[in-house]
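Residue numbers (the numbering used here), protein chains in the order written: chain Z, 1 to 326; chain B, 1001 to 1326; chain V, 2001 to 2326; chain E, 3001 to 3326.
Don't take every hint at face value.
Claimed, not checked - Below, a list of computed lysine-lysine pairs in the DSSO-like style, where the Cα atoms sit at most 27 Å apart: (1) K96/Z <-> K285/Z; (2) K1142/B <-> K1096/B; (3) K96/Z <-> K142/Z; (4) K3319/E <-> K1142/B; (5) K2096/V <-> K2067/V; (6) K3067/E <-> K3096/E; (7) K96/Z <-> K67/Z; (8) K1193/B <-> K2193/V; (9) K2142/V <-> K2096/V; (10) K193/Z <-> K3319/E; (11) K2142/V <-> K2193/V; (12) K3285/E <-> K3319/E; (13) K2285/V <-> K2127/V; (14) K2127/V <-> K2104/V; (15) K3193/E <-> K127/Z; (16) K142/Z <-> K2096/V; (17) K193/Z <-> K3127/E; (18) K1127/B <-> K2067/V; (19) K1142/B <-> K1285/B; (20) K2104/V <-> K1193/B; (21) K2285/V <-> K2319/V; (22) K3193/E <-> K3104/E.
Stated by the list, open to error - Stretch-level coverage of chain E by chain Z, calculated; a stretch enters the list once three of its residues show a Cβ under 8 Å from a Cβ in chain Z: (23) 3007–3016; (24) 3045–3051; (25) 3054–3061; (26) 3077–3086; (27) 3267–3273; (28) 3276–3285.
Simulated from the structure, these hints should not be mistaken for laboratory data. Note that the Cβ used here is the ideal one computed from N, Cα and C, for glycine as well.
Protein chains: 4
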Amino acid sequence: MPVPTPNLYPAFNTVRLSHVEFGVRDLARSRAFYVDTLGLQVTDEDANTIYLRALEERGHHSIILRKSDRAEAKELGFKVYDEENLDRAAAFFAGKDLPVSWVKRPYQGRTFLTRDPQGIPLEFYAKMDRLPPIHQQYSLYKGVKPLRIDHFNCFSPNVDEAVAFWNEIGFRVTEYTEDAESGRLWAAWTHRKGGVHDLAFTNGTGPRLHHTAFWVPTPLNIIDLLDLMSTTGWLANIERGPGRHGISNAFFLYIRDPDGHRIEIYCSDYQTVDPDLEPIRWDLKDPQRQTLWGAPAPRSWFEEGSVFAGAALKESDLKATPIVAP
Amino acid sequence: MPVPTPNLYPAFNTVRLSHVEFGVRDLARSRAFYVDTLGLQVTDEDANTIYLRALEERGHHSIILRKSDRAEAKELGFKVYDEENLDRAAAFFAGKDLPVSWVKRPYQGRTFLTRDPQGIPLEFYAKMDRLPPIHQQYSLYKGVKPLRIDHFNCFSPNVDEAVAFWNEIGFRVTEYTEDAESGRLWAAWTHRKGGVHDLAFTNGTGPRLHHTAFWVPTPLNIIDLLDLMSTTGWLANIERGPGRHGISNAFFLYIRDPDGHRIEIYCSDYQTVDPDLEPIRWDLKDPQRQTLWGAPAPRSWFEEGSVFAGAALKESDLKATPIVAP
Amino acid sequence: MPVPTPNLYPAFNTVRLSHVEFGVRDLARSRAFYVDTLGLQVTDEDANTIYLRALEERGHHSIILRKSDRAEAKELGFKVYDEENLDRAAAFFAGKDLPVSWVKRPYQGRTFLTRDPQGIPLEFYAKMDRLPPIHQQYSLYKGVKPLRIDHFNCFSPNVDEAVAFWNEIGFRVTEYTEDAESGRLWAAWTHRKGGVHDLAFTNGTGPRLHHTAFWVPTPLNIIDLLDLMSTTGWLANIERGPGRHGISNAFFLYIRDPDGHRIEIYCSDYQTVDPDLEPIRWDLKDPQRQTLWGAPAPRSWFEEGSVFAGAALKESDLKATPIVAP
Amino acid sequence: MPVPTPNLYPAFNTVRLSHVEFGVRDLARSRAFYVDTLGLQVTDEDANTIYLRALEERGHHSIILRKSDRAEAKELGFKVYDEENLDRAAAFFAGKDLPVSWVKRPYQGRTFLTRDPQGIPLEFYAKMDRLPPIHQQYSLYKGVKPLRIDHFNCFSPNVDEAVAFWNEIGFRVTEYTEDAESGRLWAAWTHRKGGVHDLAFTNGTGPRLHHTAFWVPTPLNIIDLLDLMSTTGWLANIERGPGRHGISNAFFLYIRDPDGHRIEIYCSDYQTVDPDLEPIRWDLKDPQRQTLWGAPAPRSWFEEGSVFAGAALKESDLKATPIVAP
């Protein structure tokens, strides 16, 4: 099994993924997508920036849209357990000779930037401004009724190495795809917060951000979003779905924002809090790993992703076994 | 507009589509599909025949499976208002020089066979054995929870002629696709019972039965069926969907039975009882007419259908404008 | 059986229930209820009147709100098949010595007013202005996503007589409650358009309008409405439900508008187009006839209703067998 | 605020609630309830005992039914992080002068029994036999499609003391009801696994088990269960709901098993993994804390609960402010 033994006592305690900032070229158009169509809530905005949260989130932001010349992804944000764990996290990254710089971030407490070994820009903090709950203000529920940010999924040129690193800091593998011929990982899903993933990696030129996912209550919310997007000018932004993944068991939809950043709408995965949860293995040649049922994914879904600011791209040396569409 | 003026006073009153018989080569395998997977209820069966009804139907059967060497469709069954209307129906067909033969059908009252001008075998009756209601026996609800047969859809080599005939007997057009170049009908949906259709025609080599549809309560039942079929050996029988049609607004799924007979699972169309309901026109070149959203239909969906017993096939002279996938 | 034999050939052909006008004392408050909360669409409005339609309706209005000193219900509106049937309808009522007066109604063609023998004010027409379809403008779907008006339910001091009259004009009984001791009808559901009812009667001081129902796609829409109403100041307007009726099998919710007019939100009844559909009998003492499951109805639901303009009230001489709450 | 500061570094790490054993008087009848009606999966059974798991659980059991003369609840089971934490847990309880006895439990590793200070019998373990995943064997999904055990709720004669103890071992309060007059806790919800609760306490004669909850995918599954129970002889076992709680925001249904043990079917609460999650305060006099919408709870729901084996009952000295039904 190419999956490392889970590290149950990592150097620091990460609670969950937290947020990401997207560089977007037309802030009004992005607002129409994220706010008017998806239904995320604006927590602050000015001429250059919009902060958004989902309906059950109490942290100030899970998506930041920043006007930019480049459609790129900035740091992936993670929340750690407390300030002590934040210091231990910084020490851990520094001890790996990875860059650590403390920065000031609006609405966040002490925050440092770093990168993982493959170059993904990261941001860790322990405290973010907390907002009053709105999950029972049902007049705010619109669009797909997004409840919370669920996970990031990244292209990685070497999934084995990516998983080894994140496993060391406590991200436990829940499911994985193995390339049976080489015995190497093709893809892996790793979690902190008790769902199938906070962070997943898929083999490919990277690092790039494949998608950011939001969790919604039921499949019907996804169907509502499809109805809305297909009749309000967003039809071309629907990329893949609806369908059910074999991996994670999630009912999914993939859409693209006006800059091509991919958003997954996601529900029905399962609870993974048991530290002895056995990872589920999938064979790369099993078409149901990706699509338990549903139409095959289009080429764009396999190939396109958001570049990370300042990250050098590298091709994978693990070549795809030809994909057999279901 | 290529749609004829509705005939509000047809020669006889057809209540609704009623049933169809399928020739199937392996009765046990067909039973596994229709009963164990879809959840239709057996009302009678012997070594050669299975009679089925859906959960809110009180007539004895809406699907008959008959062991056969040939995977073909037999007569499409229709229920008329009463015995007087049945006689008027027989007289109407005879008056058009169409064949009329009275037959004995188990569980049905007086029944005659005939064909429409394009050769589709038809069966008309006024009375069928009535069974006790089971729609509140919720322990019977399984599979996709099929509530009632909803419509037939047929390939027709000349949709204009087919619609002209069925309009004369009171089947009112609710929506249609026009080939703008030729001004001819590419497809049309016609109803008696107050939904978008009892009977639809699509241009193509015919007559052939494209599909038979069952109505289910909500899109979630269709998702349940997809989950079930994809994990019980029926994955390859899922042909198209889920998605929403532009035409009819229905949330749909198309599946194939073991003999290739196509079944549509269908919900969310709308009420059409107003005699002055204006038909909705779609342009053949509008990809949203077929797929408001959802993956493009596979080639099999456009090309394959069940042959009708004893019906000579004819090619259409109306050639498809190249289909633009959405 | 106290249910009359259905009249399959009534003197005129009624298509369906159509609309009702409510006298309301605070038009802005009623707009907040019907438009902002339920999600009905305004088709016209001025200082005194608001016309509303549901999302799949193409007729101009199904609810009219009219500023008034009195919270009363005006004529129940019905659509007949064509102008010829309208004349036959007028002749029928005149022949019964019921008042017939032709009136001008905005957005309607020829229209006459009359009353049924128990005094319910009625309005019949064949043509109403038709509006473009909006059922695929999904950005308009809000609140409970009301699709169409479904039925009226009235208190009647003599349900046997009411049913006898409406049966004569073709309203077929689908289900009924019998008072086993007297052999009389306690309540009955009658239809024209192929659902469980267009018009129902329940024993009680009357005539009064018990409720007007709208059909919605799924039970989840009703749950969404409950969430919305309970967190936007309308909690006290929720009267009964959610639950499932034994009769009609409908999933239901009853709410009261700001003037106390009762609205039912309703889905999951069944198709009744067969002219030989056997009415389902319920015993008055069976608590599941009202509530297959769900909390018992409050006293207000049994006792309160909207008075009809100009209708003299009469008590019923059929006294309730004590109601056994489930 | 009567809620203690969360103990972010408890003496041992509890992962989640795990299981409970019920004494039942008629095993076949209980099997009909839990297996045939709710849809739990049998993982082992003999003449006296049935082990059950829900559909996404991989541990061997979450409910044990044991034939007994008494309808009582046995130990509430909790899973700790690993064997080291198990030893620390035992030491913690022993250090509080609470009874600790190591026992052999089928399908579990090292397990000790103890009680909390109010006398609730408890069972801690780190390892339970793991079974193959079945969450994608959709042919097994029946009844209410229970996915996992979610929480226990107990009557406590002193909620302040109960919360103080469980907070010390890391159970963090997510929501609570305060009796404003006395400043004392009326009820509190505490979690380990990232939902609103693993364990809740409500003021009342105790300790008694108020209910055990299972998590289901959507509200429609709960409606399906209501349809099923109300038509298969279980109508009287439906106690309260459906409705939505203010506290936890859950869509709920309460049912009683054949011995009166109360089961909650539950969905739509929210994620609580943030260690700085602010508890939500509810006033005891706010009727929406219990019922955001829905019928008032019956008296039985307030008063009845399962006794714990060997636990002495004590009345609460905190008397209920009269409950105002919504």
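Hints that the structure is at odds with (numbers, increasing):
The structure breaks hints 1, 2, 3, 4, 5, 6, 7, 9, 10, 13, 16, 18, 19, 20 and 24; every other hint is satisfied.
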